[in-house]
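Protein chains: 2
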Amino acid sequence: MALCEPDWLHYGRGVLDLAFAPDRAAGEPVYRQLERYLHDLVAARRLAPGERLPASRELATSLGLSRNTVNQAYQSLVDQGLLRAHVGQGTFVSSRSDTGSDRGGAGASPRALAWEGLLARRARAPITPRGFFAHPGPHRVEFDFRAGRVARSLLPVAAWKRASAQALDELPALAEATSPQGYAPLREAVARALLARGIVCAAQDVMIVDGAQQGLDLVARALVDPGDAVAIEQPGWFGAAAAFRASEAHLLGVPVDEQGLSTDGLARLLRTRRVKLLFTTPAVQSPTGVALSEARRRELLALADEYQLAIAEDDYDGELRYEGPAPPALKTHDRAGQVIYLGTFSKALFPGLRLGYVVAPRPLLARLALLRFAADVHGNALAQATVARLIESGALERHVRRVRKLYAQRRAALCEALRAHMPDGVAWKPPAGGNTIWLGLPAEADVAQVFAVAAAHGIALHAGAPFAFEGSDAAEDADRHLVLSFANLPRERADEGVARLADAVRRALPARKRRSR
Amino acid sequence: MALCEPDWLHYGRGVLDLAFAPDRAAGEPVYRQLERYLHDLVAARRLAPGERLPASRELATSLGLSRNTVNQAYQSLVDQGLLRAHVGQGTFVSSRSDTGSDRGGAGASPRALAWEGLLARRARAPITPRGFFAHPGPHRVEFDFRAGRVARSLLPVAAWKRASAQALDELPALAEATSPQGYAPLREAVARALLARGIVCAAQDVMIVDGAQQGLDLVARALVDPGDAVAIEQPGWFGAAAAFRASEAHLLGVPVDEQGLSTDGLARLLRTRRVKLLFTTPAVQSPTGVALSEARRRELLALADEYQLAIAEDDYDGELRYEGPAPPALKTHDRAGQVIYLGTFSKALFPGLRLGYVVAPRPLLARLALLRFAADVHGNALAQATVARLIESGALERHVRRVRKLYAQRRAALCEALRAHMPDGVAWKPPAGGNTIWLGLPAEADVAQVFAVAAAHGIALHAGAPFAFEGSDAAEDADRHLVLSFANLPRERADEGVARLADAVRRALPARKRRSR
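Line by line, the protein sequences are chains A and B. 85 is the number that our numbering gives to position 85 of the first sequence; each next residue is one higher, with no gaps. 136 is the number that our numbering gives to position 136 of the second sequence; each next residue is one higher, with no gaps.
Any given hint could be a false lead.
A pair counts as met if it fits within one copy or between any two copies, since identical chains are not told apart.
Said to hold, decoys possible - Simulated crosslink set (EDC-like; lysine to aspartate or glutamate; CA at most 20 Å straight-line):
#, residue 1, residue 2
1, K513, D446
2, K405, E323
3, K161, E176
4, K276, E116
5, K513, D503
6, K276, E299
7, K276, D228
8, K513, D424
9, K276, D264
Hints listed in this document are in silico derivations from the structure and should not be mistaken for laboratory results. Since we're looking at a predicted model, the values are computed, not measured.
Hey, can you work out the whole structure from these sequences and the hints?
Structure (structure tokens):
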């Protein structure tokens, strides 16, 4: 899971610098202030000709203004010719030829190229997860429940520096282009380490990728033609949905219950549709935290065999378990070579690393390597060599043990605080692994209100909405969920943080529902 | 340019371990020996069920056997049921259910999934450059003319270690997920550095990518729908062809002459076809080394404006020039926002680094960032921070000056040696920049023979064939070219190396043509 930082949020919003803050004491209407602000951005070319502005609803939410204020500012700039509105497409900065200004002296200025019209179909698809940018966080984070992070207090900085120094000594050899399949010693180390997950494979069966996301993207590019059906758990990991959508897959949701992915639901789907690929997270279902039961695993593999279904198994938190050892990976029982196994180093080490691996049947792995050549040739050999050293020295394993112990404590503290403070109707289960809790709010809760009060309380967290794709049956349910990570919530802060969050939830409920459990 | 290493070659060949060497003294026919060798690979599962074997022609070439020998071995294994032959598709290792062996005790074994049948259209396209694996190199490299490398004697190991140590001190901050657009200080450093290429842009206009190849791939994914026409210089950089083919582009070649890309040729194309995008290397045409003339640059931009053509400018060796300062980038004159500018750190630093950048009009850059989120979320922040430090400290600029000086000497030495030793009819021009020479052999030369003798002489080099895509008008011409890099050919070794290469060329000519010029 890789939820992104403010810089990226700006990008998602259309590269708009969101530094606008209205001066409500100024006497000037806020829409005029916003109008002048946007005008200045265009004049300074920080908003470029042809650039699309955020939808007025989105901008209003993120700036804390009414939608009407934003609409008034936009309309006034359209009237002045600085913006253009296209029905059904949005509002754009006018190009120079639109406005007639800024023409050079030497003949007519060229027309600005209309990039929106040149975009490929897949680049117009809704790749950004649903509701990804809906809720701005607090100005100062006092309680950090955000997912996609690791415990900051346990970053393996010293071990990384040691391993990095060893890898740097190999720089002359690593400086040349290497294999799209990855640095051989790291592939060997991964193959050995995977024995602990029950997977027997050789270095040749392993491909190193720039994070499991790249593995998913390459799998999508290898297998998905536009319109091909891909089944995906719902709620489910939104990065997978993004990768498959970028290949123009037709996404089909498979329900998830307290045993994990519903094999009955999958069977119903397979009886009526040709499905090429299933994406699943059996070790720790993302985002619900449920482990797929043994019975379901057998059913799933039997279904895959019956329908010649390929399975992409994302074992992203397989090593971070809290209730006994993890069940072996689905790949362990994969006698027909139907399972593509994806793993990552981002959870155990740190997300900024962007290193993961794919274990796949060889005919497919060879294709993935060819596609990777076209995509980015190969990965950063120094980073790969550094991780190889970390595995070989045992430092990675020691680090994972420390992380698991810390997370187990923080998980217990968070669950206890939730039991103590949350009002009736709030539902969750302690996750089997990973570091997040999928928290269901009562149907009557106003989720935007929860985020607004939480932000005022200094609480940063993520919404559940992105974990259901547009049009998914699970969308309504996901909309009333929060994702709470305990990775950066120290035990001694859990009670206070959850009490504040519970207050935000309570205030977002109708008055009669506000009592604590 | 990133030509790859043996490990990757194996992958391209279908993961086949090419350690087979016939024992010609053994009395046993060679095809029997090969048959046993392949049988053992299958038995040991180093060749897996469903895996495709190399075409017999390809395997014969790489093993130095006759094609008939390979065919006999394949046929015998097909007769035994160990391999299957599919007309028009190739020869595959039989799956366990094909052979009936290896069935488990508990019920029927599942069928092996037929991956070849699941592949998406784009994964079946010929992504691998034409002739990429045609010529095996020498066992021991005595003279290294291979392209896609930098001078090994000048690797900036000490500077890299210093910058890396500084970046590592920032590890806690860099450990979290960052922006798909890249580490902000590096974007700022790139924006400042690009002033030297005549490009005025802000950090917000820059996106960091994992090598220019990823930039090309993202541009292809943003703009190219299956069947869209993309124009590309011919001969031209094969990585670009691979990226566009992976998006199912219809490639159209534009001829190149002594002034660079032919604008007349492009105009003819644009009059008859809707072309979405042109890929060009104006600073140093890859592979011919020609710089695009000033007149052509003006004509090109006028054509782009007239036909609303997007241009991808790969400025890959813009800073490595030998005859006066480089002309400013095409992007400099891009008043209509039509040019996507791509640059790389792999040439100045080292290819294993995989770091480059894209400067693009903002509406497009925002799409590229969204597509990158789906592709691999973002790049390795530590590598990006290290390069930022190298730029800020001035170390990168000092390094580039040293590299330029060394390359200028080696370029002169190589040209002098070519003049001294090459037979009549061999044609080349000193390149305006970069580190390769595009060497044309006489039409009568047997190129496979050149490689065979060169390998025997300890010479490693690359063929021209990959620089023309399948079906290109330039294919025949590219087939009789070699790419010679002087990056790793010390001045004092140039005469001997070229003398040996000239001998290889001479021996590949009909007897009457063998005299030196």
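Which numbered hints fail: none
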